[in-house]
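Top line first, the protein sequences correspond to chains E and H.
Take 853 as the starting number for the first sequence in the working numbering and just add one per residue.
Take 853 as the starting number for the second sequence in the working numbering and just add one per residue.
Hint data in this document are derived by calculation from the structure and do not stem from the laboratory.
Everything numeric in this text was worked out from a predicted model, so none of it was measured.
One copy or two, it doesn't matter: identical chains are merged, so the pair holds either way.
Below 35 Å or equal to it, Euclidean Cα-Cα: the simulated DSBU-like pairs (lysine-lysine) are: (1) Lys930 with Lys1036; (2) Lys948 with Lys930; (3) Lys944 with Lys872; (4) Lys944 with Lys930.
2 protein chains.
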Amino acid sequence: MAEEGESESVSRILPSSLLKERVALDTSLFVNPDVKNSLGANPTEALNVFLSIAAGIHTHEFYMPPSTFHELLNFADKDRIDGELLLILRQKPPKKYELKCPAVLLYELIEDMRDRVNRGLRVAESAVRATEKKKVDEIIQDLRKKYREALREGIIDSREDVDLLLLAMELDALLVTADQGLIKWAEKFGIRWLIPEKFRDYLEAAAKRSRELMQS
Amino acid sequence: MAEEGESESVSRILPSSLLKERVALDTSLFVNPDVKNSLGANPTEALNVFLSIAAGIHTHEFYMPPSTFHELLNFADKDRIDGELLLILRQKPPKKYELKCPAVLLYELIEDMRDRVNRGLRVAESAVRATEKKKVDEIIQDLRKKYREALREGIIDSREDVDLLLLAMELDALLVTADQGLIKWAEKFGIRWLIPEKFRDYLEAAAKRSRELMQS
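Next up, chain E with everything else stripped away, as it sits in the complex (with noise of 0.2 Å):
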């Protein structure tokens, strides 16, 4: 953790807060299993791990919309994480009755329903078929896992999903997230985004940048 001295001194080179770099987080980074393993073996220990490198980072500030990091607390063990995370971790919402988006995303986002609605049609169809040859219980699992694979994936699907994406684009920060919907929305919004195997990079690289402004 920072000392009252250094503190100081960082404010005294970057006298701004404006100067901070922003950077809005997703729950997948913890629990992702492709992601997360880079800062921890589970959530709560991912966790930790990315308060520890944080803690040491006076140049960024992290943020999280509410909706998100109680997604987040759901995974981790609340009794083994540090109440400095609510510190580090900015919680806010962006603001959704002022934020724009361009008009043209409505026909992306309606022709991207279409297609996956007939996706959803033949994935029925075909578990009708399928009783021809099968138990009605197996077939009905099937097509719940099928349908929901045609229908949610790649797709930005919940509430939780646009309030990550429009609190990057009203922060102008950096996403960091391992869903590819969201990541494909960021491509379209042209919201800055990480490659998510890198983000322990990106952390210990700031943490590392903070040190040398801290001694400079």
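Using the hints provided, position chain H relative to the given structure of chain E.
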């Protein structure tokens, strides 16, 4: 049709085209059986009745996006439509790359789709279970109908819908449509809309006022 002398006197009364009321029309007005009957027995007749009244209206400009116009031509007997339609019903796409929409609508669109996707899955599941009682081909036909109802009704789900909505927004036009999904979205966007069954009355009132203005 307006004669030259008439047009001139109108332009003395209304020096600026800005004074003209703009109206954005949907195909559904001429095709939807509940609504078109107030204009004519079939789409071609409905269009011709619209043309004959609209030709006498100098206070309004009628618009339709090209995508919607194209759709309309599929329903009408092209040989029986007067070329004047091309003058009276202006074809204009919305400036889709310039227009912005409130970001909060993303939440509504996405939550609406989530509900529908869940409903679609329930429809698919009961179709699979129905195979224990009915024939597969019969069930599939029923599935297609119910699935489309669950996922499509009351939603803007096509490029044409978005075109019309954005065009009305861009022109600050009165939207006239028989599509409940479009009306629901016009409400969200603050776009003026007319009860579609009243469209003929609206046209006739506008024609009457145009005649009165000419005489005064």
